[in-house]
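Colleague: The lines below spell out each chain.
Number of protein chains: 2
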Amino acid sequence: MNKKFELFKTSETSNARYGIVRTEHGNVPTPFFMPIATRGTVKTLTSEDVEQLGSPIILSNTYHLYLRPGLDVLRAYGGLHQFMSWNGVLLTDSGGYQVFSLSKMRKITDEGALFASHIDGSKHMLTPELSMEIQQVIGSDIAMVLDECTPAGSSHAYLQNSLARTLYWAKRCSDVRVSTQQVFSIVQGGIDTSMRIDHAKALMEIGFDGYAIGGLSVGEKFEDACDVISALDPILPKDKPRYFMGGAQPHEIVEYVKRGIDMFDCVLPTRNARHGLLYRFVHDDVSRKDFYETIHITNEKYKMSMEILHDGSERYTLGYIRHLFSVAEMTGQRLVTLANVKFYLRLMELIRIAIDEGRM
Amino acid sequence: MNKKFELFKTSETSNARYGIVRTEHGNVPTPFFMPIATRGTVKTLTSEDVEQLGSPIILSNTYHLYLRPGLDVLRAYGGLHQFMSWNGVLLTDSGGYQVFSLSKMRKITDEGALFASHIDGSKHMLTPELSMEIQQVIGSDIAMVLDECTPAGSSHAYLQNSLARTLYWAKRCSDVRVSTQQVFSIVQGGIDTSMRIDHAKALMEIGFDGYAIGGLSVGEKFEDACDVISALDPILPKDKPRYFMGGAQPHEIVEYVKRGIDMFDCVLPTRNARHGLLYRFVHDDVSRKDFYETIHITNEKYKMSMEILHDGSERYTLGYIRHLFSVAEMTGQRLVTLANVKFYLRLMELIRIAIDEGRM
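So the sequences go chain by chain: Y and U.
For the first sequence, this note's numbering assigns the number 67 to the initial residue and increments by one for each residue that follows.
For the second sequence, this note's numbering assigns the number 67 to the initial residue and increments by one for each residue that follows.
The shape of chain Y in the complex, shown without the other chains:
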């Protein structure tokens, strides 16, 4: 039996879970991390690079792809898989987050989110139905429902109003779903655990293939994020994957996994790479603290470093990479991106092994 999600093991000492998500473009062991291919490419990398790094899944952004290359191009190619020559699993967000964070103007109504493109100022109305249509044209294996990501510190009244709309939008997304695509909904509610629980239950009544936790990593305290996740663990169905939406540092990922999260996306390994910040392991036991460190490759002390960069080819020294950054050669950004994505993929592998071996 090929269920869309299957749990192999649940920790006896935490809420950590080891399982697998199955799609038409391959299976992804959980917990996993998705490199971000915002505009149809993981910045500085090719689809071939991501394959060679061993990532079975990437995330792309609906908002960006809708504006460029646009639906006409995506339709002509038969979807993003073909367009970017990516044969693995593809998850798309709904576009909602970018409307709220990037666009010049926006007006949220029950109908949808009216926004002006950050590129040319053109106006668009992103409704739940349009978001789903775009994601269907993209042909992602997993689509996200349109939601409003409420800012940290939102008032109770604002949250209540927003949650009702996010629920209404989730229902409308569900109504237009297609059988070839998994659809995940997004639990909102700020750091108010009882509102989070109510919202989760309401979404579960509609029924989705997975449940994301949104509206975290928006400025709240790390402890508050942990409390929200812990509170949702007994509520969310055990037999569906849980997806933490938003940036997370490696040690935070470990803590979220212990509280029941199965899926992560994070721009940190790729964005930081382009600024010369390299992640590397101090030791392999990710269940212990301080298992990793970050270094600034541009630091003078790496000028003559013979240490090898773990980018997959394992042949360039930190001293050489530092030189590439100091003369602004983009090859440096690419090599550190490879190394950081490899680090995050290895982190998730070590986490799965730790759960399987009963160490997490």
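Don't read these hints as lab results, they were simulated from the structure.
Possibly wrong hints are sitting among the right ones.
Each pair may be met inside one copy or between any two copies, as identical chains are not told apart.
As the list claims (entries may be wrong) - Calculated lysine-lysine pairs in the BS3-like style (CA-CA distance at most 30 Å, straight line):
| id | residue 1 | residue 2 |
| --- | --- | --- |
| 1 | 304 | 70 |
| 2 | 369 | 109 |
| 3 | 306 | 69 |
| 4 | 367 | 109 |
| 5 | 70 | 173 |
| 6 | 189 | 170 |
| 7 | 237 | 70 |
| 8 | 369 | 170 |
| 9 | 267 | 109 |
| 10 | 355 | 304 |
| 11 | 267 | 70 |
| 12 | 369 | 189 |
| 13 | 408 | 173 |
| 14 | 408 | 109 |
| 15 | 287 | 304 |
| 16 | 367 | 70 |
| 17 | 109 | 69 |
| 18 | 367 | 189 |
| 19 | 408 | 287 |
| 20 | 69 | 173 |
Note that the coordinates shown come from a computational prediction; the quantities given were computed from them, not determined experimentally.
Once you've looked at the hints, dock chain U against the given chain Y.
Modeller: Frame of chain Y; chain U shown alone:
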């Protein structure tokens, strides 16, 4: 017997030659093209990429490497091969051309060229001995002597003075050469064929492993460059390679090969790639005119092109590459760079086959 240069075949209908240059880091069939790794990387590519494209040789720039990373770093790594993890053949220029084209200030005397760094304004005196020392620290397989590249339109008097100095510098370079490195001299003399011939003969009296023709591609007419090369063909020793220094479009390379040139470097395939200009073959017979074309990948007409880019992976469409350029993703520049370098390498292979088959 492993001679440093060996001719396999000479054309019966032109001066084209098919042979091989042998070095400690591998052998290179001639005529060949060298991708340019100015600062220790072919822009947007890794050493691994260049290997996979099949180029047995690259060119690096002495001036740039002297300023960054500097001799201390290059010494610590044991040379540029180790520093950039390049196992193939390496040729370095002398630094002279960059002193004349890039530095903020320069003063040429018989001693050498005094210049101010284009990076920080620091002053340096590039003597023939220092140029050779830098190239020895870099550890290039083929070093070039320091010369003055005279601008197009230089007066007879200026040329005479400059040629005497370039000859004097060549002698001084020869005096400090080491046995592990081939050294090529550079024939100057503008478009005055008799001065070119006299200069070549004087350099041949000193004796070098190869002879470059410099001071072309600096604004003179294409026909004048051809005349200079044709005039030098019967003068230069048959048993040494001849290197055309400077940019050359594919059809110009064919014409120069017919006039006896064995080696080329050219920034056009890589620089043009970063601006979205793609080289591609119209047909495989490079002895016929119009065997290639260039296209601007950003053109609207490639928006939905299903044509495959020949970058080595042969999996991305022109429409996708156009998208990457339109959203300024550096992966687009990298893929077109791969395709253009592959084009130039294939061009040289087709030229060698044409000579071998008596078609050029």
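Colleague: Should residue 369 paired with residue 189 be assigned to within, between, both, or neither, using CA atoms and 30 Å as the limit?
Modeller: between (49 Å within a copy, 23 Å between copies)
Colleague: Regarding residue 367 and residue 109, is the shortest C-alpha distance of 30 Å or less found within a copy, between copies, in both, or in neither?
Modeller: Result: close both inside a copy and across copies, 27 Å intra and 25 Å inter.
Colleague: Between copies, within a copy, both or neither: which fits residue 70 and residue 173 at Cα up to 30 Å?
Modeller: Neither: 36 Å inside a copy, 73 Å across copies.
Colleague: Checking an output row: residue 267 and residue 70, CA cutoff 30 Å. Within, between, both or neither?
Modeller: For residue 267 and residue 70, only the intra-copy Cα distance (21 Å) is at most 30 Å; the inter-copy one is 78 Å.
Colleague: Within a copy, between copies, both or neither: where do residue 267 and residue 109 come within 30 Å Cα-Cα?
Modeller: Close neither inside one copy (37 Å) nor across copies (54 Å); limit 30 Å.
Colleague: Under a CA distance limit of 30 Å, which applies to residue 237 and residue 70: within one copy, between copies, both, or neither?
Modeller: Within one copy, since 21 Å is at most 30 Å while 76 Å is not.
Colleague: Should residue 304 paired with residue 70 be assigned to within, between, both, or neither, using CA atoms and 30 Å as the limit?
Modeller: within (13 Å within a copy, 71 Å between copies)
Colleague: Please sort residue 367 with residue 70 into within, between, both or neither, judging by C-alpha distance up to 30 Å.
Modeller: neither (49 Å within a copy, 41 Å between copies)
Colleague: Between copies, within a copy, both or neither: which fits residue 369 and residue 109 at Cα up to 30 Å?
Modeller: both (26 Å within a copy, 21 Å between copies)
Colleague: Between copies, within a copy, both or neither: which fits residue 189 and residue 170 at Cα up to 30 Å?
Modeller: Within. Shortest intra-copy distance 10 Å satisfies the 30 Å Cα cut-off; inter-copy 49 Å does not.
Colleague: Go through the copies and call it for residue 367 and residue 189: within, between, both or neither, with a Cα cutoff of 30 Å.
Modeller: Close across copies (26 Å), not inside one copy (50 Å); limit 30 Å.
Colleague: Between residue 408 and residue 287, at a C-alpha cutoff of 30 Å, which is it: within one copy, between copies, both, or neither?
Modeller: Within. Shortest intra-copy distance 28 Å satisfies the 30 Å Cα cut-off; inter-copy 52 Å does not.
The structure shown violates the earlier hints numbered 5, 9, 13, 16, 17, 20.
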